[in-house]
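*Asks:* Residue numbers (UniProt numbering), protein chains in the order written: chain L, 1 to 1367; chain P, 1 to 138.
Honestly, the hints are just simulated from the structure, not real lab data.
Treat the hints with care, as some may be off.
Said to hold, decoys possible - With a straight-line cut-off of 30 Å between C-alpha atoms, the simulated BS3-like cross-links for lysine-lysine are:
1. L:278 / L:203
2. L:493 / P:125
3. L:90 / L:158
4. L:479 / L:468
5. P:10 / L:493
6. L:493 / P:42
7. L:311 / P:42
Remember, it's a predicted structure, so these values are computed and weren't measured experimentally.
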Amino acid sequence: MFKMSRRPIVSYAGDCSLFCGLQGSLVAALPEESVEWRRSFGRSSKFVHIEVDFVPYSEECLVKEPGCSVLQLPVLYTYWTDCTDIETYKTSLREKVQKWVGELRERGINDWMVVVVGAPDARKPNKLLPRTTVLDKMKTDFGGKQAERCVSLYEPVKTDSRSMESWQSLLAKMRSLVMVAYNRALNKFEESMRAERERRTEKTWSFCEYFSIQEELAEVMLLLGVMDEALVQYDELDALLTQFVLNSAAGDTPLWLTKFTESCERWEGLFISTELNKRLQEKIHSGETSLLQLRNYLFQQQAAVLLRLNKPWEVASRALSFLQNTANELQILQVGIAPGGVACWGFLSCLEVIHSLARCSSSSGTTSPHTRHIAPLWAYAREKLQELGKLCGLHPDVEGSEKLHAVVALVCGMGDDPHADNVGRRPHQVDGAAPSAVKEPEGADDGASTFSVAMLEQDGMSPMTRLKEALSSKEAFRKHYLELSEVAISTCKHIGHVRCARLIGRDLASFYLSLGQPQQAANFLGDLLHSFTDGCWPLLAADTRDKLVICYTAMADWPKLLRVGIELACCSQVAHERRAAAFGAVQRAITELSEGGDSVYLSAQDVVKVEEVSITSHSPLTVGATLTANVKLRSSLPLSLAFGSVEVLLKLQMPDDTASVGSSGSGGGRKRSGDPSRVERRVSAVVGGAVHKHSTVAVMRSNSAGSESSERRVVGETEDAPTDRLHMSLHLDYKQDNTLASAAVHCANTHAALSRRDSHSRLSCAAETASLTREKSDVVLCARDVTVTPGTSFVTLSAQVPHRGLLSCKGAVLRSRCLELVQHSPPNLTGAGGAVEVLQMAPRLALGRKSRELLAGLPQQMLLTVHAGTAPILQDTPVELRSSRGLLLSPSVWNVTEDGRRLVTTSDLSHSDLRCGKNTASAPDPPITVPSAFAPTTDGVTTSNIPPAAVSAPATEVTSAIDATTTTNSTLATDVISAPAATSAATTPKSSHVASESAGCGGADEHEMVRELQVLLPAAPMLSSVTLELTVLALLGPQRDTNAVDHIVSISSPMLQQPRQDIDVHFSPPFCSVSKLHTANIKKFFQVKVTGLVSECLELRDPSLRLQQPSSPSSPLPLTAFNTPNQILTVSSEQSCSYMWELGVDYSTMVTPPLKLEFGVQYSAPSAQPDAARTYRCTFDLCDYKTVFTIKSRVEPSKGSEFCRAGSMCHLLITIEATPFPSNDALPTEVVTGEDGVTGRQDRKISGAGDSVSYDSIMYEVLADQTMWAVCGRTSGVLSVECASRRQNVTLDVMPLLGGFLPLPSVRLSKYIPADVKRPDSVVGTASSIPKLEPFAPGQVYNFSKGTQVHVLTAVTGGGAHDVTLP
Amino acid sequence: MAVSIAVIGKDNAPLYMWVAPGRDELNLQFLSHTALDIIQEKVSPANRAPTDSRELYLGLLYASEEYKIFGYMTNTKIKLVIITDASNTTLRDNEIRMMFRRLHNAYTSAVCNPFYSPGDPLISKKFEASVGALVSGN
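With these hints in hand, go ahead and build the complete structure from the sequences.
*Replies:* Written out as structure tokens, the structure is:
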């Protein structure tokens, strides 16, 4: 009776009528307040509300029945009385109570309580002497140590404060006493339970019995509201059962368990409800259930507790493992169950849990925490339904009728629908709090779960009706299965389990496929595939692709089939047969697609990869050449595939404008950037692989960083390429004064170059989608009709290189009809260190000297270097050389090679032009060419080479000076012609100078030399050079100073881009000549000084001086040489030499004709043969060379003194005398040394001294050193030439200021031209006129006293004075 | 003991897969792959208690009727997945934990190879031997 309520029992004795009056209020009031439950064994105390059941006291209820637990006995015994009269107590009550207590004590029960109801004394109490009340008496009689067990209740019917207080205190006392007693009872109960559990190994022990015991405890806990404790009891039972089952798997099956192994015919689902399933409980206690039922019951109880704990998500999280464990246990125990039974149970239970949670969530609004756990439940339910569908033949791919008997059997086993009363209604109420109507989905935050719930709720189907309906027909099954799958997928996705969702999608895809809806299936499979390729799960991806191939084949979606088929065919993890099959599908797709025409682009990365491109064409690569490359292909295809074309795209990048590719020798065109304090030089070095021989030095402007970064980005896409470069740049920081502050090398792209390359690159490869852009400048290496075999194969590709630049690989494209495999990551470009340079270099010509210095006037060697550039030099490529006037070229040109010298075919252009003009006319008289270098041609090449308008020196050379040589030439020529030249005269009629090998170095004579020369180059391969040795002769004209002789050589060749290339050539003159005129009174001497200018010595011989003008033989000017005949003089920069001649000046005539004197000397290098000497000529002009005046001056002491003395006045006597005219007698001449130079270059137009009309007066000036002489009076004066005699004396007073030998004050004479020429009586010092002074030409005035000194005594000592004349 | 062992890289690509002979490799791979979902969920900062941040063992990820899937994630986000038979009840949680620890050690010594670049599939005889010892229960 009390068994089911499980409330603690309190017995009552004594005045039963009294108690019955109070019982109702007691039962109601006791649970009103919580009481602390102090628990033993250190468990935390709890506050619980206690409800009690009252039973009347009887003897028999003290007796413990066997099989009756402690909890079925009263925990507290109460005795109620309303006796307030002490006498009555003493007489009757005391005895009764004593008996009651005695009975209790007999059984060791200490939990009793006596309640005395009513006022202790109705009468007024005597305050002085308090009377003992019944209560006091009782306390002394029975209480002993437990006096508090006797309580009084004061007037319960009254509502005054005193009685209320008394009531409350009774309640509190009762609660605590009940609790203490109950705790004791519970402890006792637990002890017995534990003892029972310890017996579990005994054969007679039964789990079901123990189950009922522990469940009792659980129920007590539930009653006390200690939910977690209750759960613990159920969990312990669960674990115990699990353990038993597991142990039974190990062979230890107790007797009671064998009952559970009996075959099971019912598979009712869970029914989660807070109401106790008493029928089932009874069955369990009696041990008449199946394992499934027991498990169901256990889980239901757990779920009920959890729901009361408001932990619905825990129900969900436990549900799956419960379902799985139970199914497992059934298997372990080998319970005979009809096929599909477990699935049915699983499905029903699963949906029941979901339903109950949905109800719960819709009531409490806490949906999100358990969606996470619901998702697997949906998946589980779906799985079960699928299983059932298979079992019952409801899958679309199963032909024929469904297996009806199986369905019927399953439905039978489900039993009655626990929700039967709710069918058709909205979901039933779980508990009182649950509203009858489901709320609409709350908000969008939990879309998936609310959606799924809503979907389930909309038809209000109980799990069983749903299952029954699903099993009813194929269509219904399809509908439910798809619905369930959708819900499962969406909930999985909602909680972020994308992979789970896709895995469900895989099943769904199979289902759709069997439904004949490949499109739907493909969608799911596509998603699934996506998750595998992301993570590179080859096996899973292959499986998915397998399915996709089927889908796409069914859909006839050829492009996708192609893509998937290729991927499958290339998967190395898959068996060859499957790959071959996929390859067959691919070929079919290609065939189908080829009719359409559209191309399908695929990444070649994992299909046919171009692994290596090695350039096989010969280096260096030049523009326009055919680039051939050997390409290593790695095909992952299982079979051979024919490709229409295989192309490798090479990016041809033009080098930077500032980069000097191919001219690295020039040292780099360093350019200052806009910012003067900053120069950035970029040096690109090839990293990895062989460094190309042209290291590229590029100078970058600082402000071009933008372009560089964009370039960097391009490189970044091809990260794997070995062509990755470190962008090193040079930073020079200058201070304000342009001095270097710091220099640094900076790598701008360290970040990119040093970035970690691990798995990311693999992923990025897989996700590569960018298309390969083809630019115009790209070079496409191509091969046609290639059949690529599986594995590694080699193909040779070729392409034309359009322009120069750096080649780097960009990617590759392989075409097989409509299939285009595009490879983005560039393959290795080997053989050239990652990049191949295409060169384009124009041929260049350079003319340089061979030795240190080029000398004019001597044959010199020059080197003509022809750099071939990127085109080879063809045999007989003409190079024309034209020299400026005065520079002659020898037709003997030598090709200087490493293994010797060889003559080169040349032709004289000017001559051939000439010859062409009279080609036919002069046919019988062909120009004679002479093989000997010493044999000049006779046809006047030299003269024709030098036009008449040539500079004076060569002209004179030609016209007059070479008389002798001309004759020798002709004789020589005739000699040669008569002798051996006859054989060699048989030269080409082109009259080209076929040079012989006999020609010595520098032996070319100028007569053989030409100004225009055509050289036919020998053949040379590209990028090499030809060096030709030329002999040139710069004619040496009159050289009066050290100025260099400048010439220009113009070179033109069809090889060159520009029509003409002018090269400046500077020749140093070996020496120069300077003339000087010396005078002694009226005698004249002419000196020529030859000064060497170069360190090389030159030998001079046979000097000659010849009067050129006036050339009239009537008045020959006698020239007397003072030079030693046949003497050889050597000049160099350290040594010069002079030649001297006396001019026999004729003073007999008045006129002084200007003279032109030509100096000539033979010069030759000391080592040269004597007949190689050349003649140097130089002309000098002389005018006004006759002496006109002579000056004599002397200093005399003043009268009366013998010596000049410092500080005393002296006389300066100057005598100016005109040279005698021819009519006059020659004045006695005094030979006094002195000189005046007259250079031939002076060309002032002053009339000669003989022309006396041009001036009347001369002016003298006394120029004295003011530190030595003080001149008194006028220091200058004008003398008339005409007046008086030819001799004029001037006396001046001078005073020496110093003692010693003083140089005389010098006297200067000038021509005096008065201001007004018309007035003949020009007097000195006319105020208004500005007279002019003109100096005399040097040599016209001869000063006898030049350099004379006078001895002046010092001022103090007197003494004689001497005129001292120093030489 | 275990029927499958998977070492999955930080980018969720498998580095190493071992499946007991005779098992449905495809299915087990699917399970390992799906386990990533749960691992991801478990290690997400929202779900992870701050106290167990040093605990690499993630416990039972999920179970199917046939298999139990356990997870472990190293600090470098290498996921280790061990799949056992669901019927194998002799394996305790602690034993699984020990297995993971040994597997982790084996993985660590494998990647100590300087010629191994992280993220590549593990091809190492020593590692294979370690896994072999692990699954045979030695």
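*Asks:* Look at each hint and say if it fits the structure.
*Replies:* Tested hints:
Using a Cα cut-off of 30 Å, the hinted pair residue 278 (chain L) and residue 203 (chain L) holds, with the two alpha carbons roughly 28 Å apart. For a cut-off of 30 Å, the pair hint linking residue 493 (chain L) to residue 125 (chain P) is broken: about 39 Å separates their Cα positions. Of the supplied pair hints, the one linking residue 90 (chain L) and residue 158 (chain L) holds, its CA atoms being roughly 27 Å apart against a limit of 30 Å. In summary, the hint linking residue 479 (chain L) to residue 468 (chain L) is supported, as the alpha carbons are separated by about 13 Å, within the 30 Å threshold.
The suggested pairing of residue 10 (chain P) with residue 493 (chain L) holds, with an alpha-carbon distance near 22 Å, which does not exceed 30 Å. A distance of roughly 16 Å separates the Cα atoms of residue 493 (chain L) and residue 42 (chain P); the hinted pair therefore holds under the 30 Å criterion. About 20 Å separates the Cα atoms of residue 311 (chain L) and residue 42 (chain P), which keeps this hinted pair within 30 Å; it holds.
Hint 2 alone, counting from the list given before, is not met by this structure.
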